[in-house]
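J.: Kindly generate the complete structure, drawing on both the sequences and the hints.
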Amino acid sequence: MTRRWGRYSFEKDKKETEKELPFGDRPFVSADINKNLKRIKQDIGNSPDMTVREFQINELRVIAVYSDSLVDIDVVNNFIKQALTMEKGQSNDENNVFDIIKKNARASQEVKVIREWDEILLSILTGDTALLIDGFAHAITGSTKGGEQRSIAEPTTQTVVRGPKDCFTESIATNISLVRRRISSPNLWLETMRIGEETQTTVGIMYMKGIVTDGLIQEVKERLNRIKIDMILDSGQIEEFIEDQPSSPFPTVYNTERPDSVAANLMEGRIAILVNGSPFALVVPTLFVQFFQSPDDYYYRFHIAIFLRLLRYISFLISLVGPSVYIAAITFHQEMIPTTLLISIAASREGVPFPAFVEALIMEVAFELMREAGIRMPRAVGQAVSIVGALVLGQAAVQAGIVSSIMVIIVAITGIASFTTPAYNLAISARLLRFVLMILAATFGFYGITLGLIIIIAHLNSLRSFGIPYLAPLSPLIPSDQKDGMLRFPLWSMFKRPRLINQNNTIRENGNLQPSPKQNGGESKREE
Amino acid sequence: MKVRRCIVIFTVLLFVLTGCWNRRELSDLAIVSAFAVDKGTKENEYLVTFQIINPSENATGVASSGGKATPAFTVSETGTTIFEAIRKVSKKLSRQLFFAHIRLMVINEELAKEEGILELFDLFERSHEARLTSNVLIARGTDAKSIINMVTPLDNISGYVTVKKLEATEKVWSENIKVEVDDVINGIVSLGSSPVISGVRIDGDPKEGQKKSNLESTDVPAMLEISGIATFRGGKLVGWLDNGKAKGFMWVKNKMNSTIVRMDCKKKKGGVAIELTESKSSIKAEVHRKKTIFHVDIKEEGNVAEMNCPADLSKSEEIKKLEKSLAIETKKEVMSAINFAQKKKVDIFGFGEVINREDPKAWEKMKKNWNADFSKAEVKVKVEAYIRRPGMIMKPYIKEVPKLQD
Numbered sequence: 001m002t003r004r005w006g007r008y009s010f011e012k013d014k015k016e017t018e019k020e021l022p023f024g025d026r027p028f029v030s031a032d033i034n035k036n037l038k039r040i041k042q043d044i045g046n047s048p049d050m051t052v053r054e055f056q057i058n059e060l061r062v063i064a065v066y067s068d069s070l071v072d073i074d075v076v077n078n079f080i081k082q083a084l085t086m087e088k089g090q091s092n093d094e095n096n097v098f099d100i101i102k103k104n105a106r107a108s109q110e111v112k113v114i115r116e117w118d119e120i121l122l123s124i125l126t127g128d129t130a131l132l133i134d135g136f137a138h139a140i141t142g143s144t145k146g147g148e149q150r151s152i153a154e155p156t157t158q159t160v161v162r163g164p165k166d167c168f169t170e171s172i173a174t175n176i177s178l179v180r181r182r183i184s185s186p187n188l189w190l191e192t193m194r195i196g197e198e199t200q201t202t203v204g205i206m207y208m209k210g211i212v213t214d215g216l217i218q219e220v221k222e223r224l225n226r227i228k229i230d231m232i233l234d235s236g237q238i239e240e241f242i243e244d245q246p247s248s249p250f251p252t253v254y255n256t257e258r259p260d261s262v263a264a265n266l267m268e269g270r271i272a273i274l275v276n277g278s279p280f281a282l283v284v285p286t287l288f289v290q291f292f293q294s295p296d297d298y299y300y301r302f303h304i305a306i307f308l309r310l311l312r313y314i315s316f317l318i319s320l321v322g323p324s325v326y327i328a329a330i331t332f333h334q335e336m337i338p339t340t341l342l343i344s345i346a347a348s349r350e351g352v353p354f355p356a357f358v359e360a361l362i363m364e365v366a367f368e369l370m371r372e373a374g375i376r377m378p379r380a381v382g383q384a385v386s387i388v389g390a391l392v393l394g395q396a397a398v399q400a401g402i403v404s405s406i407m408v409i410i411v412a413i414t415g416i417a418s419f420t421t422p423a424y425n426l427a428i429s430a431r432l433l434r435f436v437l438m439i440l441a442a443t444f445g446f447y448g449i450t451l452g453l454i455i456i457i458a459h460l461n462s463l464r465s466f467g468i469p470y471l472a473p474l475s476p477l478i479p480s481d482q483k484d485g486m487l488r489f490p491l492w493s494m495f496k497r498p499r500l501i502n503q504n505n506t507i508r509e510n511g512n513l514q515p516s517p518k519q520n521g522g523e524s525k526r527e528e
Numbered sequence: 001m002k003v004r005r006c007i008v009i010f011t012v013l014l015f016v017l018t019g020c021w022n023r024r025e026l027s028d029l030a031i032v033s034a035f036a037v038d039k040g041t042k043e044n045e046y047l048v049t050f051q052i053i054n055p056s057e058n059a060t061g062v063a064s065s066g067g068k069a070t071p072a073f074t075v076s077e078t079g080t081t082i083f084e085a086i087r088k089v090s091k092k093l094s095r096q097l098f099f100a101h102i103r104l105m106v107i108n109e110e111l112a113k114e115e116g117i118l119e120l121f122d123l124f125e126r127s128h129e130a131r132l133t134s135n136v137l138i139a140r141g142t143d144a145k146s147i148i149n150m151v152t153p154l155d156n157i158s159g160y161v162t163v164k165k166l167e168a169t170e171k172v173w174s175e176n177i178k179v180e181v182d183d184v185i186n187g188i189v190s191l192g193s194s195p196v197i198s199g200v201r202i203d204g205d206p207k208e209g210q211k212k213s214n215l216e217s218t219d220v221p222a223m224l225e226i227s228g229i230a231t232f233r234g235g236k237l238v239g240w241l242d243n244g245k246a247k248g249f250m251w252v253k254n255k256m257n258s259t260i261v262r263m264d265c266k267k268k269k270g271g272v273a274i275e276l277t278e279s280k281s282s283i284k285a286e287v288h289r290k291k292t293i294f295h296v297d298i299k300e301e302g303n304v305a306e307m308n309c310p311a312d313l314s315k316s317e318e319i320k321k322l323e324k325s326l327a328i329e330t331k332k333e334v335m336s337a338i339n340f341a342q343k344k345k346v347d348i349f350g351f352g353e354v355i356n357r358e359d360p361k362a363w364e365k366m367k368k369n370w371n372a373d374f375s376k377a378e379v380k381v382k383v384e385a386y387i388r389r390p391g392m393i394m395k396p397y398i399k400e401v402p403k404l405q406d
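As you go down the protein sequences, you meet chains A and B in turn. If you count the first sequence from 1, position 315 lands on 315 in our numbering, and the numbers rise without skipping. If you count the second sequence from 1, position 227 lands on 227 in our numbering, and the numbers rise without skipping.
Heads up, a few of these hints could be off.
Label pairs and their calculated CB-CB ranges [claimed, not checked]: (1) I314/A <-> K212/B: 38 to 46 angstroms; (2) T192/A <-> R23/B: 53 to 61 angstroms; (3) H333/A <-> F73/B: 19 to 27 angstroms; (4) I409/A <-> D205/B: 42 to 50 angstroms; (5) I314/A <-> F73/B: 36 to 44 angstroms.
Rough simulated footprint, nothing fancy, chain B against chain A, three-plus residues with beta-carbon under 8 angstroms [stated by the list, open to error]: (6) 332-339; (7) 352-362.
Sample of chain A residues lacking proximity to chain B, with all beta carbon distances greater than 10 angstroms (derived) [as the list claims (entries may be wrong)]: (8) D230; (9) D244; (10) A373; (11) A396; (12) A442; (13) I456.
Derived from the structure by calculation, the hints contain no laboratory data. Remember, it's a predicted structure, so these values are computed and weren't measured experimentally. All C-beta atoms in this analysis are idealised placements derived from N, C-alpha and C, irrespective of residue type, glycine included.
T.: So, in structure tokens, the structure goes:
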């Protein structure tokens, strides 16, 4: 069965029988090994990395097919050797030879018996080795996956000072193992499916059976099953297909490259979606407060964690409204700026040819340019570009009188503030909305900013992530969940899992775990 | 669908039906720091002078043409109303006047005496831009214009400097009262008290004070000095409270923050300086048929700040003595203020309001003729004075000096 670009036959017609189809389209393996050989070459297009090895056992011809680039060659050799080495007396029985090979193969690898061509090809293309035996219309495939892959490195986008330093890789098997190593519980369940008609990307759904609500698993599966597309290369593509409100600037699916973060989220009753080829796992359902929580919040002592979390909220607000407040204050509400500050702002704006809004726009755009350039430019020229950028933007622009020095400070503070949000995808939404708010501030002053913020908050209130209100536990207000919302209470005070996400198994701690000095028992021991 | 349409319409209306708003670039504004009202050349006309800040001369660190211009300059214009002058001044200025940062209004003494100050504050209440918290001062012995024309050392903008001086002296010397526009308006409106406004004068040659050279000599040729408290009756200036009288007024008004009380010490006149740290006053009224009695109770605390005579403060009798003379001294100053007010028939203390609070019915009858009644009222002053700390020493070294000479 060949697939044509652009027009897929997603619904395979099961009624079609072998006889009615020409040879090339027959869905099942033939008993004639020559036909099979021809068919493989035809389907894979003679790709040089496809290896076909032929063996002769007594009178029996066996071929092994595998892809050079996807297998571990030692494993393949071992598999073939094990499968085809006959013990005394075994080979005589011609009718039994298929079962014997299957039995032998099973000793070395996990083995499947398949007769559909599609499945055989798929398993070869994911690193298995297929054995075809003359006279039998079935193939034996053994798992021989191997090949080069990136090793586990330190996280690059979600760094922490204290806490685990491992990070997901592109291999889903590695990623699953990273989570499994953290949760050695039989309740950690994994389901996989393949998404992408051509790429056949493995997508894994992980959850804690007994903690997660069943409806949620069902919903996630349904949304994933809806995806019919030719390719999935990263979890970001999955995210776009399963999010609740695609037109919103705010992300409703959390992504992380940290296995510890995934493990913690699973324990709260969330579902993790792992995608082969992507070092970012998706976690649903997602709350707004989640984007301000960094994994090391839980590894620091709680005082610091509370302070850092509040700092992040403040800096998010700054990154959202920083320039617009400045614009509004100096073009509409000059009376509310302290006199001496107003005088120095006026002095620095003396001779600036643009209105404050245009000035802010110039600087913001310039900053966005630098930021984008910083990500895209070749590492080798990075330093040169950043020096030029800093000098041109910071120093020269002020000296040339194009922008005021206060504006440079505002833009710099805003820029730095936007980097403190632990989740990059939320920081980007603030970045976008900032420009909208700047326009509102330039036309309506604080009134415009207020209206803009009201609209944003109303919008946030309307969002849902897999049925959970996005602003929970702030709106609706859930008092018990405040312990791990905007604040982070001591771990020994967090008895329960988040209420809306988890309803089955809510208790996570046993009694009062608050450490305190021993009441009496300690002394008697010392006397002895 | 209907709901959605409504939401869209309301959202649009939210933006369109805004109240008054106005976009103004900072570089189109002339920030006014102070303004002065003098008599105009013609009848019924005011000469209004605005002090405008030169931003580039005030900022530190900004590459400016620094040193060429004065930190602020003034523009004058005449008009029968202040607002007329404000608009007329546009003929002389490239930028629009911006009033939200006014801190000081100076009124000409002659104007206050002859025409009164009643009409001057309407604009402050009516305008959304001007602040009711601006301070008011009366220019004493000079025209109001030259007060804001001054170039002053330390802080550069004379409008703000003057207010700072007023605040500082009110805090540590308490001979002047900081009066804001709304206080004046309240005083004008109220029948039971009359407004007071502190004065400001130029110590030196006003002409010299206008020049930048005023800053170039160590002995500053001309200085602004806060001086006295002007009292008003019917909106017209009737007299000045100075020195002890002004302090006495502050005591009664419960505005005494801290001051130095000068007292005699043994033979030496004015040998002791008591630093007042706390003072509280309360006024009570007794309305009788024929006359009204006011009880002014003052409780004050002080430290010995300086004592240039031998007295052993470790003994409680000495302290008692000092406390007694402090009370007497206080009472003297308070009485001088009260006598002055009664003579001029201006109820600057707000005694009328006290009656209004305590006996509203009686006040209804009295308020029409209050100024005359006030001058006849009996005022009983009671002072309780305490000296809490003698400072770092108990016995002054001065005591021991004569012994060594023997």
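J.: Can we confirm that no CB of chain B comes within 10 angstroms of the CB of A373/A?
T.: With a cut-off of 10 angstroms, A373/A remains clear of chain B, as the shortest Cβ separation is near 29 angstroms.
J.: Quick check for students: does the CB of A442/A sit more than 10 angstroms from each CB in chain B?
T.: 8 angstroms, violated
J.: So is the region 352-362 of chain A in contact with chain B by the C-beta rule, three or more residues under 8 angstroms, or is the coverage claim wrong?
T.: holds (count 3)
J.: Per the coverage rule (Cβ-Cβ under 8 angstroms, at least three residues), is the region 332-339 of chain A covered by chain B?
T.: holds (count 4)
J.: Any Cβ of chain B at or closer than 10 angstroms to I456/A, or is the non-interface label fine?
T.: 13 angstroms, holds
J.: The output says A396/A does not contact chain B. Does that hold with a beta carbon cutoff of 10 angstroms?
T.: Holds: least Cβ distance 13 angstroms, greater than 10 angstroms.
J.: Assuming the hint says 38 to 46 angstroms, is it satisfied by the Cβ distance from I314/A to K212/B or not?
T.: 45 angstroms, holds
J.: Please check whether the beta-carbon of D244/A is more than 10 angstroms away from every beta-carbon in chain B.
T.: 19 angstroms, holds
J.: Examine each Cβ of chain B, and state whether all of them lie more than 10 angstroms from the Cβ of D230/A.
T.: 36 angstroms, holds
J.: Honestly, do T192/A and R23/B meet the 53 to 61 angstroms range at C-beta?
T.: For T192/A and R23/B the Cβ distance comes to about 59 angstroms; the hint holds.
J.: With respect to the beta-carbon atoms only, verify the hint that I314/A and F73/B lie 36 to 44 angstroms apart.
T.: 41 angstroms, holds
J.: Is the distance from the Cβ of I409/A to the Cβ of D205/B consistent with 42 to 50 angstroms?
T.: At 44 angstroms between Cβs, range holds.
Of the numbered hints stated above, the single one contradicted by the structure is hint 12.
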